[in-house]
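K.L.:
So the protein sequences, as listed, match chains A and B.
Under the UniProt record's numbering, read the first sequence as residues 1 to 113, first letter to last.
Under the UniProt record's numbering, read the second sequence as residues 1 to 113, first letter to last.
Think of the hints as simulated: they come from the structure by calculation, not from any bench.
It is possible that part of the hints are untrue.
Pairs of lysine-lysine residues, derived as DSS-like cross-links and limited to a Cα-Cα distance of at most 25 Å, are as follows [what the hints assert, rightly or not]:
#, chain 1, residue 1, chain 2, residue 2
1, A, Lys110, B, Lys75
2, B, Lys110, A, Lys75
3, A, Lys101, A, Lys76
4, A, Lys110, B, Lys76
5, B, Lys76, A, Lys101
6, B, Lys76, A, Lys76
7, A, Lys75, A, Lys101
8, B, Lys101, A, Lys76
9, B, Lys76, A, Lys75
10, B, Lys110, A, Lys101
11, B, Lys101, B, Lys76
12, B, Lys75, B, Lys101
13, A, Lys101, B, Lys101
There are 2 protein chains.
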Amino acid sequence: MPSPFATLPAPPYYVVCFSSIRTEGDNGYGDMAEAMVDLASRQPGFLGVESARGADGFGITNSYWADEISIRNWKKVVDHLAAQSQGRTEWYRHYEVRVAKVERAYSFDKTEQ
Amino acid sequence: MPSPFATLPAPPYYVVCFSSIRTEGDNGYGDMAEAMVDLASRQPGFLGVESARGADGFGITNSYWADEISIRNWKKVVDHLAAQSQGRTEWYRHYEVRVAKVERAYSFDKTEQ
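Based on the provided sequences and hints, a complete structural model is requested.
P.N.:
Structure representation (structure tokens):
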């Protein structure tokens, strides 16, 4: 299994915090989510993504980007796909997006202690 | 059940993106996590928190703060507690922290479409 952690350069870079509640049922969501990650990873400025969803249906995806332009270009792709597929209302009950500039970062590893 | 979404003011504000892999077993983690959220919510500058952890043990907690000072003060509290309890190595195999300034935010609600 690949690491769930994104390998990122030193700050500054950007994060898009995407919090969502799913609708009931899959409605093609699984395939879409996989295709989206694949598509994002080939997008200019994409740095990495981390994602977690609990059994309650609430999930967080933090995607990391080189700059604001990359994020806006990616949003155009997503909006276009959503318009084509009517997927947004099929897949999500509610979501919140926050776009933020990462200023500093640090980590902890048990084996290094 | 309370909403898993944080209710936040208009940007700018800060987000701390905390991604982690848990150790095996609870080791007091559940009680600690609950106590931490309770403690954070009484901390000056705390705006809200969102959290998701999947069955694979990978989780993301995004906490929202008014400014950098609030985050640094909160980190002092966490470091102090961690030093007291030796909890860090008990609870986490690995974690990554990114501190970022939220510049813009938007949302989507199915019922509003």
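K.L.:
For every hint, state whether the structure bears it out.
P.N.:
Here is what the structure says about each hint:
1. A:Lys110 x B:Lys75: holds, 19 Å
2. B:Lys110 x A:Lys75: holds, 19 Å
3. A:Lys101 x A:Lys76: holds, 20 Å
4. A:Lys110 x B:Lys76: holds, 20 Å
5. B:Lys76 x A:Lys101: This hinted pair holds, its Cα atoms lying about 23 Å apart.
6. B:Lys76 x A:Lys76: violated, 41 Å
7. A:Lys75 x A:Lys101: holds, 17 Å
8. B:Lys101 x A:Lys76: Answer holds: Lys101 (chain B) to Lys76 (chain A) is near 23 Å, not above 25 Å.
9. B:Lys76 x A:Lys75: violated, 37 Å
10. B:Lys110 x A:Lys101: Status violated; Cα separation ~28 Å.
11. B:Lys101 x B:Lys76: holds, 20 Å
12. B:Lys75 x B:Lys101: Holds. Lys75 (chain B) to Lys101 (chain B) sits at ~17 Å (cutoff 25 Å).
13. A:Lys101 x B:Lys101: holds, 5 Å
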